[in-house]
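In terms of this note's numbering, the sequence shown opens at residue 390 and continues consecutively.
No lab work stands behind these hints: they were computed from the structure.
Watch out, some of these pointers could steer you wrong.
[Said to hold, decoys possible] Think about it this way: if two alpha-carbon atoms lie no more than 25 Å apart in a straight line, the pair counts; the simulated DSS-like pairs of lysine-lysine are:
| hint | residue 1 | residue 2 |
| --- | --- | --- |
| 1 | K476 | K426 |
| 2 | K500 | K424 |
| 3 | K479 | K431 |
| 4 | K431 | K500 |
| 5 | K500 | K418 |
| 6 | K418 | K474 |
| 7 | K431 | K392 |
| 8 | K412 | K426 |
| 9 | K474 | K392 |
| 10 | K431 | K474 |
| 11 | K412 | K491 |
| 12 | K412 | K424 |
| 13 | K491 | K476 |
| 14 | K420 | K431 |
| 15 | K392 | K424 |
| 16 | K412 | K392 |
| 17 | K424 | K474 |
| 18 | K500 | K452 |
| 19 | K431 | K476 |
| 20 | K415 | K426 |
| 21 | K500 | K474 |
| 22 | K491 | K426 |
| 23 | K415 | K452 |
| 24 | K474 | K420 |
| 25 | K420 | K500 |
| 26 | K415 | K431 |
| 27 | K418 | K406 |
| 28 | K420 | K452 |
| 29 | K412 | K474 |
| 30 | K491 | K424 |
| 31 | K431 | K491 |
| 32 | K500 | K476 |
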Amino acid sequence: MAKQGFDFLGYRFECGKRFVRRKSCKALKDKIREKTKRTQGKAVVQIIRELNPILRGWFNYFKHTRLWIFQLMYGFIRRRLRAIKRKQEKRLGRGLTLEDHKRWPNAYFAKLGLFTMNEAWERASRSRCGNY
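Let's have the full structure, built from the sequences with the hints guiding it.
Here is the structure:
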């Protein structure tokens, strides 16, 4: 039996909870894929600059949902960026290994200025709760 709920403006409302629709997640992933093609020859800093407005806008619209969705999206973005770094070093692979994570940790991308949705969610949720 299918779960009861409804979709509205990019959200899925079900059992009194609000989720991001799968279609909305797919649309964001498609935009990220378009900006992070490994063969376009752009510097990672430039790609991050192009991604940040998209990520900020998506986050600001969906910031009232659960943290795990932002963690999944952020992981997807970092994997795409690691794949670009591998390609720039003329190495095969998609940036999925622990070695790649150690070579380019999350802090590396944060230092380059990548907007981190999960940290933004934590800041926004603290301000909503009154814990400054």
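When the hints from earlier in the document are held up against this structure, which numbers fail?
-> 7, 9, 11, 15, 29
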